[in-house]
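Novice: Hey, can you work out the whole structure from these sequences and the hints?
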Amino acid sequence: MRSPNYSSLSNTLIRDKMPKYIEKSGKKAIIEKVRETDMIFYLNMKLREEITEYEDERSVEKIADIVEVLYAILDYKGVSLSKFEKVRAKRANQLGKYKERLLLKEIVEEDLSDASSQ
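Quick note on our numbering: the sequence shown kicks off at -10 and runs consecutively.
Bear in mind the hints are in silico, worked out from the structure with no lab data behind them. Please note that a few of the clues may not be correct.
What the hints assert, rightly or not - With a Cα cut of at most 30 Å, we get these calculated DSS-like pairs of lysine-lysine:
| id | residue 1 | residue 2 |
| --- | --- | --- |
| 1 | K79 | K66 |
| 2 | K9 | K35 |
| 3 | K94 | K79 |
| 4 | K72 | K94 |
| 5 | K72 | K35 |
| 6 | K6 | K17 |
| 7 | K22 | K9 |
| 8 | K35 | K75 |
| 9 | K66 | K22 |
| 10 | K13 | K35 |
| 11 | K66 | K51 |
| 12 | K17 | K72 |
| 13 | K86 | K72 |
| 14 | K51 | K72 |
| 15 | K6 | K79 |
| 16 | K22 | K35 |
| 17 | K9 | K51 |
| 18 | K75 | K86 |
| 19 | K88 | K75 |
| 20 | K94 | K66 |
| 21 | K6 | K16 |
| 22 | K86 | K35 |
| 23 | K88 | K35 |
| 24 | K17 | K51 |
| 25 | K6 | K35 |
| 26 | K9 | K66 |
| 27 | K51 | K79 |
| 28 | K6 | K66 |
| 29 | K86 | K66 |
| 30 | K51 | K35 |
| 31 | K35 | K79 |
| 32 | K88 | K51 |
| 33 | K51 | K22 |
To be verified - For each label pair, taking beta carbons as the anchor points, the in silico distance ranges come out as:
| id | residue 1 | residue 2 | range |
| --- | --- | --- | --- |
| 34 | Q83 | K16 | 45 to 55 Å |
| 35 | D5 | D100 | 56 to 66 Å |
| 36 | M34 | P8 | 12 to 22 Å |
| 37 | K66 | E21 | 18 to 28 Å |
| 38 | F30 | E50 | 18 to 28 Å |
| 39 | V97 | P8 | 25 to 35 Å |
| 40 | M34 | D100 | 39 to 49 Å |
Quantities reported herein were computed from a predicted structural model and do not represent experimental measurements. By construction, the Cβ of each residue, glycine as well, lies at the ideal position given by its N, Cα and C atoms.
Specialist: What follows is the structure in structure tokens.
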């Protein structure tokens, strides 16, 4: 794992223990507590950031970071992990998963009048 570039972390949501890590590196962390009403905005920004980092690195650690942000979003919305898992499982049951590696290329509207005249 590469060492973090703390200078690129300005105005970004950080994990609770990050200020200590920044201080251990000999720097000072200037932090501000996010207002409750702004939290979802910063969580969504963080999710995009983590997804971009995953696209660059393709590491399991980056997937874990994405999941941590998703857990924080669920917590913010008041959704327990067990409730979320039920929703996820229901959607997987209804819509399927991604195991068959299907790629939608196009959707073609069928002209039903042609089919019925044959």
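Novice: Next pair to validate is K72 with K35; report whether the Cα-Cα distance is within 30 Å.
Specialist: 23 Å, holds
Novice: Take a look at whether the Cβ-Cβ distance between D5 and D100 falls inside 56 to 66 Å.
Specialist: 59 Å, holds
Novice: Take a quick look at whether K86 and K72 sit within 30 Å of each other, Cα to Cα.
Specialist: 19 Å, holds
Novice: Is the Cα-Cα distance between K13 and K35 30 Å or less?
Specialist: 23 Å, holds
Novice: Checking one constraint from the list: CA of K6 to CA of K16, max 30 Å. Satisfied?
Specialist: Measuring from Cα to Cα gives roughly 14 Å; hence the hint holds.
Novice: Next pair to validate is K72 with K94; report whether the Cα-Cα distance is within 30 Å.
Specialist: 34 Å, violated
Novice: Run the distance test for K86 versus K35: straight-line Cα separation, threshold 30 Å.
Specialist: 26 Å, holds
Novice: Sort out whether K22 lies within 30 Å of K51, counting only the CA atoms.
Specialist: 25 Å, holds
Novice: Is 18 to 28 Å a correct range for the gap between the Cβ atoms of K66 and E21?
Specialist: 23 Å, holds
Novice: Mind checking the alpha carbons of K6 and K17 for me, to see if they're no more than 30 Å apart?
Specialist: It holds: about 13 Å lies between the C-alpha atoms, which stays within 30 Å.
Novice: Keeping to a limit of 30 Å between CA atoms, is the pair of K88 and K75 held or broken?
Specialist: 19 Å, holds
Novice: Is K35 within 30 Å of K75, Cα to Cα?
Specialist: Answer holds: K35 to K75 is near 25 Å, not above 30 Å.
Violated hints, listed in ascending order, are 4, 12, 15, 20, 39; each of the other numbered hints is respected by the structure.
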